[in-house]
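Listed here are the chains, written in short residue letters.
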Amino acid sequence: MNKEEILAGLKEIISIVKPKLDLQNVTMKSQLVSELGIDSLSMLLVALAVEEKFKIKFDSASYFNTVEEVCDFIIAAKK
Amino acid sequence: MSNYFYDMLPAEEAAQLKYIPTVPEFVEWIGKQYAECPAISDTQVTYSYSQFCERIARRRAFLKQQGLTKGAKVAIFDRNSLNAVELFLAAASSGCVAIILPSALPAPAVVGSCMRFDVEAIFVRDEFKPLTEGVKAKVFPADSIADETAPVVKVDKEDPAAIFFTGGTTGAPKGVVLPHRALMRGSLNGVFAPGAQLKCHKTIGLLPLSHVFGLIRGTMSVFYAGNLYVTAEDMKATIGKLPAIKPTCLVLVPGLCEVLLGLTKMYGANFLGGQLKTIIAGAANVPPRQIEAFEQLGISLLGGYGMTEGANLSSGNADVKSRPTSVGRLYPEQEGKIVDGELWIRGDNLMTGYYKDPENTKAIFTEDGWLKTGDLARFDEDGFLYIVGRIKNLIILANGENVSPEEIEEPFYKNPCVKDCLVSEGEVDGEKVIQIEILPQMPAFEGKPWSEVEAFMNKLVGEVNATLPSTHRIIRTVVRQEDFKRTGSLKVSRNQ
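Note that the protein sequences, when read in sequence, are chains A and B. Using our numbering, read the first sequence as starting at 1 and increasing by one per residue. Using our numbering, read the second sequence as starting at 1001 and increasing by one per residue.
Since the hints were made in silico from the structure, they are not lab data. Zero decoy hints are in this set.
Taking lysine-lysine pairs in the DSS-like style, the calculated list, with each CA pair at most 30 Å apart, reads:
(1) B:K1202 <-> A:K57
(2) A:K29 <-> A:K11
(3) B:K1277 <-> B:K1241
(4) A:K11 <-> B:K1432
(5) B:K1414 <-> A:K29
(6) B:K1032 <-> B:K1157
(7) A:K53 <-> B:K1236
(8) A:K78 <-> B:K1241
(9) A:K3 <-> A:K29
(10) A:K53 <-> B:K1432
(11) B:K1202 <-> A:K53
(12) A:K53 <-> B:K1246
(13) B:K1129 <-> B:K1236
Just a sample of chain B residues kept apart from chain A, beta carbon distances all over 12 Å, derived:
(14) L1105
(15) F1140
(16) A1150
(17) T1325
(18) V1339
(19) E1367
(20) K1372
(21) N1393
(22) M1442
(23) S1451
Derived DEER-like restraints, expressed as beta-carbon distance ranges:
(24) A:I56 <-> B:A1014: 48 to 56 Å
(25) B:V1045 <-> A:A77: 25 to 33 Å
(26) B:K1138 <-> A:D22: 50 to 58 Å
From a predicted model like this one, the values you see are computed outputs, not experimental measurements. Positions of the beta carbon are idealized from the N, C-alpha and C atoms, including for glycine.
Looking at chain A on its own, in the form it has when it is part of the complex (with noise of 0.2 Å):
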């Protein structure tokens, strides 16, 4: 999987977790909070949807800002 199918399966979340946003403005340097206002709980909600996505698991401590870095932690995780 590269990264922009896994930017595709990312937005096709965000669009569940918010509605109302324009996915055209979601890029991969998009901030998760102040631009995609995706609040703790909006997150823990994406986390959920991600790990039975891509069949992987986030730990307790990971923490990210931008669209990218969750696209890495997963290519990451799932090497």
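On the provided structure of chain A, position chain B as indicated by the hints.
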């Protein structure tokens, strides 16, 4: 006495329920009343009520051996674990005053809280032990338990049972002292919901035990009703296990309700386990659209009203279909009235006061024992309560967190490029979020394009966010070109 709540239950259950005014009497009662019923499970081991109460008695023996007797302040620093629940009940049934620290508390706040609340002993989960360095109290592992048992200690219903944090995000929260009568009144109130409630539910302790709603409604009420409580040390992992745990009832905040709705959209209603019939939501306003969305899944979402100072449960609403915007009717023995638009409450659920803070205690109580809630409210002709606004300057988020705007504003005022700022409740995609409006100190940006000013402020918000607890982060930033509306003393008005 209001029959609204007793009439929700089958007659034989209503007849069984009685108000037990102290935790020691309560622990003895549940041990006998529900002896063989399953009480608590961490999904690996399940204890019956008699086994559970025996373990609590062994924890009491440990407390006694350490010289922790009546009146001693005992802190618990753990996740939502079997240890934490047993320790809480052991401390309160030994006459000690239990203080459950939030599990996300950073080290300086752990030390500060222990000093502030005169903690004599702290029971700590292994992974949190490094955070207790510097604590001037005895430190014990959270799984400390004696081989022998010790009986409950007789207490007066006015004796303090627990202290809860409220209204602070940093080092100096207020401590709400709940006496036994208040804790137990709140716990009984939490049992009322339509239909059979005793010995027939399985619920999960998803909300933090350090929050009064998580401890009283989410935990104590479950034991009051003889139901099965599943511990949740890791919220995310436990939600992932909902299909296997199959809860019948959950106690949540509206933010978590949203998470569950999102999961059902992605994976279907069966993700919730297929047995869930009731969700009790509180600590923040329940949006009517959530009530509707859960209704379509065959789940009743019931809301209510309460505050930490009132042992959390003052009113409950079982008529969510006909009155979705109401927080329901006042519980038995709870009085309420509206004075100049503000809700005042009185009853045996109220705190005795803020810990070592006579000034704030005096300010919130009237001389004849009414507690001024700071919430603007009205009653309809049938006695249903509606919260319409707030007098006090506090943001209440969907996750139930109370955020004081001034504390978030403080670091911005330390930056010379910020002239003024205002933190308030904003909206992003229809959800309540924390927002900040910043008025730049323009001479600092002389000759710079506006985009640069905005970029600077967004970066500053990011830096401040990194220092805040994840639940308190600023989601929306507005950089103002026009000045704020100001008060007579030229301060930024909170009503823009």
